[in-house]
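Q: Chain residues, written in single-letter form:
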Amino acid sequence: MSTTTAGATASSTSPTSKPVVTLKGATVRFAGDSGDGMQLAGMQMTNTSALAGNDIATFPDFPAEIRAPRGTLAGVSGYQLHFSSTEIFTPGDDLNALVAMNPAALQTNLSDLHDGGLLVVNQEAFDEKGMRQAGYAQNPLEDGSLRKYQLFTVPMTSLTRRSVEGLGLSQKEADRCRNFLAMGLVYWLYGRSLDPTLRYIESKFGGKPDLAEANVRALKAGYNYGETTDAFVSSYQVDRARLKPGRYRNMTGNQALAWGLMAAAKLSNKEMFLGSYPITPASDILHELSRYKNFGVRTFQAEDEIAAITATIGAAFGGAMSLTTSSGPGIALKGEGMGLAVMLELPMIIINIQRGGPSTGLPTKTEQSDLFQAVFGRNGECPMPVIAARSPADCFDLAHEAWRIATRYMTPVMLLSDGYIANGSEPWLIADVDKMPKIPVSHPGPQEGDEPYLPYARDERLARPWGIPGTPGLMHRIGGLEKQDITGNVSYDPANHQHMVNLRARKVANVALELPPQEVFGPERGSLLVLSWGGTYGACLTAVQAAQAEGLTVAHAHLRYMNPFPRDLGDIMRRYDRVLVPELNLGQLRQLIRAEYLVPAVGLNKVEGKPFAVSEVLAKIRELAPASKS
Amino acid sequence: MSTELPVLTANDFASDQDVRWCPGCGDYSILAQMKKMLATLSIPREKMVFVSGIGCSSRFPYYMNTYGIHSIHGRAPAVATGLKSVRPDLTVFVITGDGDGLSIGGNHLMHTIRRNLDINIILFNNRIYGLTKGQYSPTSPKGKVTKSTPMGAIDNPLHPLSIAIGCEATFVARSIDVHIKHLEMVLRRAAEHRGTSFVEVYQNCNVFNDGAFDYATDRKIKDDTIVEIEHNKPLIFGKNRDKGIRLNGLEPEVVQLGGAIKEDDLLFHNELAEEPSLAYLLSRMRHPEFPEPMGVLRAVDRPRYDDELNKQITVAREQRGDGDMNALFRSGETWTVS
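Which chain is which? The protein sequence lines are A and B, in order.
Using the working numbering, you'd call the opening residue of the first sequence number 1 and step up by one each time.
Using the working numbering, you'd call the opening residue of the second sequence number 631 and step up by one each time.
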């Protein structure tokens with residue numbers, strides 16, 4: 001493939017002849033049909049911005065249908081990217097720029113565009129059929145309704161077709177390059193280098209030189225259009241962010257989980273077994289881990305969710321680092337298996353990438369409504385440690401933490417993420433696995449003589465030993481029936497059952513003994529504590545920062561340990577007049593907090609399949625922490 | 631590692647737990663033949679794992695002085711899959727029943743068999759739910775009157791061996807709890823087979839379904855109601871060994887030997903047949919129309935899931951080298967903030 005001409009006119013170093021306006025940051029969304037390649041466009045812009053040194057946060061948003069009917073509102077797919085020269089924690093509330101590839105994309109995304117924002121539209125998609133499908137009675141590009149935006153109508157289809165002329169592509173193939181044209185234009189607007197995307201094209205389409213060349217041409221045509229057309233009078237630049245020094249890469253939450261798990265396996269000197277059944281939005285973990293067989297990772301695509309968890313249990317009995325990945329509906333199916341895992345007291349990790357529920361719900365949309373399921377969703381008194389990741393990069397650290405807890409306490413651990421974290425991305429300060437804390441795991445050795453092995457004897461934290469098959473003298477049987485303390489033999493004795501139920505509960509409560517103190521951002525006491533968990537971290541932190549800048553005495557505590565809670569949480573909450581718990585559910589953490597600590601926490605709750613906007617949280621903070629209090 | 635083979639007896643395989651099946655239950659015999667057989671395998675006890683689900687048969691692991699998991703209803707094959715995938719060095723038995731294996735756990739049974747994991751699945755078929763006190767099972771005959779079917783079962787029964795063969799089983803066999811020599815032979819063949827061995831054992835539940843297999847065990851008639859099949863031998867049965875099975879087109883038929891019909895005219899068993907059609911045909915022979923085949927219906931060699939899984943790990947390491955975590959983290963597009 002020839003890319004030798006790349007960059008001459010379009011590298012980041014070539015100066016534009018137009019004025020350049022410097023911005024602190026920008027939020028851009030690519031929106032189009034689900035077949036228009038918007039996710040790819042967004043991801044490329046993300047990588048390019050990350051490589052340019054910006055801090056980034058992303059929010060891909062796509063329909064559950066693989067290909068909804070073309071041009072319909074249901075088929076609109078979007079990818080939102082926030083890049084900044086300062087540290088950021090959310091993909092942005094309002095858009096500074098919207099690229100709409102068709103009328104349906106304009107219709108469904110326009111309300112998020114800031115007044116005066118850049119609106120780049122493929123004008124050729126605004127034909128009668130397209131507008132009818134999007135519900136436009138008249139052409140919005142011509143009726144003045146878009147006057148409050150900076151509207152740029154670009155003939156993307158013909159520009160793309162012209163750019164690939166002579167390559168012998170069919171019209172359909174040519175039109176498929178339109179996303180690269182749109183990308184090129186946005187790259188010009190924000191002064192981005194084409195190089196990372198040119199490298200991507202080469203690696204992705206290297207085997208198909210015609211398609212590679214077509215995409216390169218479309219990308220450059222978009223870039224050059226920005227430079228040459230009179231419509232754009234200036235471009236923008238967003239400087240490098242001052243992040244903590246070090247080497248970074250862009251990571252999605254699911255990739256960070258996969259890599260964190262692999263690191264945990266290595267640090268515990270174990271090989272990994274993943275039992276999993278495909279489900280949105282968790283499947284990417286299965287895909288990612290399946291690539292690393294040379295790391296000793298064994299992945300098993302099970303016949304169903306139940307086989308996935310029970311195979312995981314079998315592998316744990318065999319001594320492997322064992323885990324299963326799913327989302328809410330699959331976790332529901334695993335309920336009985338998780339109960340067995342609690343009863344057997346074997347270490348394993350159960351990962352729930354939450355999505356909109358109940359039932360099949362909103363498979364591709366984010367929600368935090370499985371907290372109750374995680375903490376309680378099993379029959380009997382069945383306690384399990386639950387931890388929750390707060391951002392894509394945080395998934396890496398929590399994978400390590402999950403396996404540490406599982407092995408230290410001989411228990412299954414539930415790790416919660418969500419669709420927003422899983423598919424979203426941010427810069428990850430690359431870890432050095434040699435400097436990460438080891439996870440010590442030991443198995444009792446062979447035993448001679450008639451002394452019976454006691455599989456349910458316990459150490460000071462109430463963890464039992466992990467004796468594994470193949471070890472002479474340790475032959476033992478474990479199962480779902482209640483066990484006699486210490487021996488593990490089946491027991492129906494009433495007092496023993498009471499004792500064992502208490503023991504299992506105490507063991508999980510013991511996890512809190514070695515947790516770090518809960519971090520609090522802001523004043524030690526004051527009018528309001530914002531208590532959040534999971535993927536709402538960025539929105540809540542940013543809102544609290546803004547409120548503090550306004551002079552409100554507001555603090556932020558973000559929970560990663562959902563069961564048991566950090567030991568100091570109750571004391572922390574009592575130091576504030578009020579506690580606000582923003583959640584993408586109807587108040588699950590709020591209920592747990594109220595029940596556990598008798599704190600009259602109030603909620604900010606939303607279940608629209610979307611993350612919180614910073615402005616939503618900030619408005620609630622202002623309402624609860626009046627300025628007079630400060 | 632010591633290369634000395636352990637010398638074990640059946641008693642070495644007894645755990646310290648009291649066996650709690652009902653007196654007279656067919657399970658006792660299966661337990662006894664299993665222990666006897668295992669003692670002859672030259673495999674140390676710590677290398678053996680018994681995995682079960684829920685049901686009377688699934689208490690089996692508690693009575694074995696090996697490793698064991700008494701898991702949840704129907705899931706033993708999946709538990710065994712995870713275990714064997716990470717520990718191919720272990721000898722793994724799944725103990726299940728007609729309800730556990732074919733009803734609630736049907737899906738796992740099907741997929742475990744098709745993967746041909748190197749494990750042994752022993753299905754105790756008593757054609758009834760015993761532990762829940764007497765409801766009909768997926769192998770109960772149509773019309774069976776039980777607590778949950780007072781007017782008779784209206785479901786068509788499943789036939790375990792036909793299911794296994796339909797799932798591409800590489801080893802399929804059948805025996806009867808009270809035919810102790812035959813049962814021990816079949817269990818041994820199963821243990822020796824590499825790949826998923828599926829064994830159906832006719833097992834009498836003397837409390838809830840007593841006499842379900844009398845036709846096959848009653849000394850007075852059993853010679854006419856079962857046929858012991860052997861590789862490369864014609865299917866001959868009857869007290870006087872004067873009856874045989876002959877193929878008439880694609881259908882088996884019972885014929886009288888002597889006269890015009892010679893042994894060579896009969897159906898010869900071939901457990902090694904690559905095509906499962908013969909095994910399937912045998913699995914369809916049912917009482918009272920036919921004598922029911924006992925023995926090994928099918929034993930063929932196919933790649934095993936656990937081997938293949940671990941082979942991929944080896945190949946990946948050969949081709950790409952042992953994984954280097956830090957190199958992976960630093961691969962692809964990265965940037966440095968100073």
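If you're looking for bench data, these hints aren't it; they were derived computationally from the structure.
Please note that a few of the clues may not be correct.
Claimed, not checked - Chain B side only, calculated, beta carbon under 7 Å to chain A, not exhaustive:
1) I699
2) V709
3) A710
4) S715
5) P718
6) C797
7) M815
8) A821
9) R824
10) E881
11) V884
12) Q886
13) G953
14) V967
Claimed, not checked - Derived DSSO-like pairs (lysine-lysine); straight-line CA-CA distance at most 27 Å:
15) B/K811 with B/K869
16) A/K270 with B/K869
17) B/K677 with B/K869
18) A/K172 with A/K204
19) A/K24 with A/K204
20) B/K941 with A/K270
Just so you know, these numbers come straight off a predicted model, no measurement behind them.
Even glycine gets a Cβ: it sits at the ideal position worked out from N, Cα and C.
Q: List in ascending order the numbers of the hints, as given earlier, that are violated by the structure.
A: Numbers 5, 6, 7, 8, 9, 10, 11, 12, 16, 17, 19 - these are the hints that the structure violates, sorted from lowest upward.
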